[in-house]
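Residue numbers (the working numbering), protein chains in the order written: chain A, 1 to 491; chain B, 1 to 491.
Hints were generated in silico from the structure; no laboratory data involved. Just so it is clear, the structure is predicted and the values come from calculations on it, not from any experiment. Treat the hints with caution; some may be incorrect.
The list makes no distinction among identical chains, and a pair is therefore deemed to hold if it is satisfied within one copy or across any two copies.
Here are the simulated lysine-lysine pairs, DSS-like style, with alpha carbons at most 27 Å apart [as the list claims (entries may be wrong)]: (1) 259 to 323; (2) 245 to 41; (3) 364 to 304; (4) 66 to 364; (5) 108 to 86; (6) 86 to 41; (7) 66 to 31; (8) 360 to 291; (9) 41 to 108; (10) 342 to 66; (11) 152 to 447; (12) 364 to 403; (13) 445 to 66; (14) 428 to 451; (15) 445 to 414.
Protein chains: 2
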Amino acid sequence: MAKDSKEQSFIKEITPRSEDFSQWYIDIVRKAELADYTSMKGCMVIKPYGYAIWENMRDQMDKRIKDTGHMNAYFPLFVPESLLNKEAEHIAGFAPEVAWVTQGGNEKLEERLAIRPTSEAIICSIYADWVHSWRDLPILINQWANVVRWEKVTRLFLRTTEFQWQEGHTCHRTHEEAVEETVKMLAVYKEYAENVLAMPAHAGIKTSNERFPGAQETYCIEALMSDGKALQAGTSHDLGQHFSKMFNILFEDQDNERKYVWQTSWGTSMRMLGGVIMTHGDENGLILPPKIAPYQVVIIPIFKAANKEEVCAKAQEVAATLKAAGVRVFLDDREQYSPGWKYNQWEMKGVPLRLELGPKDIEKQTVFSARRDTRVKAAIPMAQLTTAVPELLNTIQNDMLQKAINFREEMTTKVDNFEDFQKTIETKRGFVVAGWDGTTETELKIKELTKATIRFIPMDENFKPIPAPEGTKCVLTGEPAKHLVYFARSY
Amino acid sequence: MAKDSKEQSFIKEITPRSEDFSQWYIDIVRKAELADYTSMKGCMVIKPYGYAIWENMRDQMDKRIKDTGHMNAYFPLFVPESLLNKEAEHIAGFAPEVAWVTQGGNEKLEERLAIRPTSEAIICSIYADWVHSWRDLPILINQWANVVRWEKVTRLFLRTTEFQWQEGHTCHRTHEEAVEETVKMLAVYKEYAENVLAMPAHAGIKTSNERFPGAQETYCIEALMSDGKALQAGTSHDLGQHFSKMFNILFEDQDNERKYVWQTSWGTSMRMLGGVIMTHGDENGLILPPKIAPYQVVIIPIFKAANKEEVCAKAQEVAATLKAAGVRVFLDDREQYSPGWKYNQWEMKGVPLRLELGPKDIEKQTVFSARRDTRVKAAIPMAQLTTAVPELLNTIQNDMLQKAINFREEMTTKVDNFEDFQKTIETKRGFVVAGWDGTTETELKIKELTKATIRFIPMDENFKPIPAPEGTKCVLTGEPAKHLVYFARSY
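The shape of chain A in the complex, shown without the other chains (with noise of 0.2 Å):
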């Protein structure tokens, strides 16, 4: 009974997702401990759970963008107005949600200085005296950075005034060049996405609408949260030469022509950790994919006073054997609380798996399992743990990607009439795929309706937009559709 009520008034603390998701949101970010908001209005404080899931998040991306040839560097936080002004399209899609530096100590500066909200502009302006020869081409760097963008509406992880990315920024010496760099970093996303993160992600291109400022093509990747609601969590531009002209950032060819360089930029940031939460979390909390988990298990001595050096010896042994075999755990062998307690605040953490021992166990040489995922329990031998256990976390990661991708299954609806369309995105919500006149009229006027955007227009195996089949109609105007493409309401 006592136990009972405790775990309760636990689990009350959140608000159910049911009854209001983004409040169910919060209490989780809240209650899990991950990141908290401040008094720097906007800002976020990224608690060290929640730094932890993202140290892991951060290291698996590091290592993807390493291996395919990039180096990691870092430059200036500070961008000249002069800079940042240089293309029109990139200062008129920024401008509105820049932060200025306008005094350095007791000095009045004599030129604005942006807190960069995206590092094109000032790393165009350094590419330009790096850039000489085609011998320096193809430029592969990324930066990790921290990067500010002054935002009305926040939401914890998912738009903050200050937050952390990554941003890719290449230089090559054709256009197709380029473009494979391009597509080669948003499949890299996918793979990411649906491997490490266990979210899985539809590859698509942007409408020209929704195209980052300043460049040419627009490829992303976005991913259906568990309220149906979609989720960009990567782009990755094929920027032409639009920076490099305004910039300057020329080379001389092997037939010794002077020309502007191709280039791309792509990027992911802190607001993926968002989209674990969104996927995975359920009425308990957080259920965090083995892959970043800080702890992959917790184990839960279970014991009196007459057991208790018994039992927490052999927990100690077990916590051993699984660290010696790579397994990250996490011994909670604290006297104030219950199991109980402990169990719903590891829940609440999403510790993907949970052993519990007791004497009984001992006696039985096993340890009780309990998925974080899927609340199946069974009893694993001790014998077998460091075989049992990892292949148990590789289960859960494997289960949690295909419930996701089933779940996305569901949830999206093909329809050829705007009635239909309505009352999908008003009551199912998920993707609606529908026919599209390519005009960027339908498709503002669609989202006035009914506040859903165009997420992605398909592409082919050439990463080329998908043309719809003949006779394919416009969900809305009833033109001729130039695709079909996936709507969704969005983060």
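Chain A is fixed; fit chain B onto it per the hints.
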């Protein structure tokens, strides 16, 4: 002939160290492609090779910070002016070098935001919400972040407007615990400087005049550069209750009384990389300790058209063998450069060990090795590569430290009169050990006359300042000396 002149021209690009140390330093930073200035005054770009060194430095420091029980977190870049103003000494110390944001998007801000010059103020304001009971203590958190100080005179890595660092911020129940933490991290810094950077460091106490603004006591590590000037390479502060009282960080203790926490903060930065350059570099460029070198070994195959295939295949085999043994290897098989040119380039970049491989070496089943630090050359039997190379790297690491220790000893002079003091500082430089009467007045007068400052007061095994031996006189005033202290000109 041709080869020689090419080698010379490469070297000629560095200013001789004896002629102009500052220019020699800048030349190395640029020629070794570590970093460069940008159009953004006082801000540098850290190039891929320089950033790879920093990543190795950061990872090894991060491991030590975690191994001593800390976790990483992340706090906002911005500090509202009212928060920064709370601790009077603190704002007085930092106000002249703060960059201020006054505009966000199109909106003029009601309150100016400082870009963190250090994070005590913002972090303390957040800790006030986190700490309630003695059970919440200690708080042991570190942050890796960029900070901004509006410096008038800048120098690559050593003093730039924006720089990368780590800053630990901890809260404790008692002053004893806080002091223990302060000196523990000081010891970590000293061990790291010596064992990772091969840079010997004295640990000591700062005078009240050199104390961190707002601290009760500042401890530091001080290294000696090859021009005889000192470099403060890390600091650890006992903050007492100065900040907890201003920010109301209170906890209920076991005796049910509400008490202010005791705090520490400690930091090291990219300037340590400047220290590495100035400790180990020589007339041919950078010399990197193996533990932080992006490439510990560079392999240069020596071939003609006729035997190119055979030699390159063998070089690849050697590279693979060493990589498998955990050595960071770069195989430089570029054809557009001569071996001599490559030798010079990799010497400039400080790679600890060069392996040359030509047809004769293959015949003898050896590779020819050349150490960067001592220039000692020796043949290594191929069969012994996986043991001999790691051993040699280890020897290089140790020898570099020992050489720097010997240099420091030679460059440490004890004086007992002001004439000798002035002469030593002027001509020999290095550390000058002398009696000091303990007054700020004397300290400042000596600085005015000699440009030398008190780098640290030596401490005993209990981390207390060591009193001067009976009868010691102050080197300036002739009054009884309070301590024998270490003076030097410094960066």
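Intra- versus inter-copy proximity for residue 304 and residue 364 (alpha-carbon distance at most 27 Å): Close inside one copy (18 Å), not across copies (70 Å); limit 27 Å.
Homo-oligomer pair classification [residue 323, residue 259; C-alpha up to 27 Å]: So residue 259 and residue 323 fail the 27 Å test inside a copy (55 Å) and across (39 Å) alike.
Identical-chain pair category, residue 66 with residue 364, by Cα at 27 Å: For residue 66 and residue 364, the Cα distance exceeds 27 Å both inside one copy (47 Å) and across copies (37 Å).
Within, between, both or neither: residue 41, residue 108 at alpha-carbon 27 Å: both (25 Å within a copy, 14 Å between copies)
Identical-chain pair category, residue 108 with residue 86, by Cα at 27 Å: Both ways: residue 108 and residue 86 sit 23 Å apart in one copy and 24 Å across, limit 27 Å.
Intra- versus inter-copy proximity for residue 41 and residue 245 (alpha-carbon distance at most 27 Å): Result: close only across copies, 24 Å inter versus 38 Å intra.
Intra/inter-copy verdict for residue 428 and residue 451 if alpha-carbon distance must be at most 27 Å: Answer is within: at 14 Å inside a copy they meet the 27 Å cutoff, but 75 Å across does not.
Residue 364 and residue 403: within-copy, between-copy, both or neither at 27 Å Cα: neither (33 Å within a copy, 61 Å between copies)
Same-copy or cross-copy closeness of residue 445 to residue 66 [CA-CA at most 27 Å]: neither (43 Å within a copy, 53 Å between copies)
Residue 445 and residue 414: within-copy, between-copy, both or neither at 27 Å Cα: within (19 Å within a copy, 83 Å between copies)
Intra- versus inter-subunit Cα pairing at 27 Å for residue 152 with residue 447: within (20 Å within a copy, 51 Å between copies)
Same-copy or cross-copy closeness of residue 342 to residue 66 [CA-CA at most 27 Å]: between (39 Å within a copy, 24 Å between copies)
Checked against the numbered hints above, the structure breaks hints 1, 4, 8, 12, 13 and satisfies the rest.
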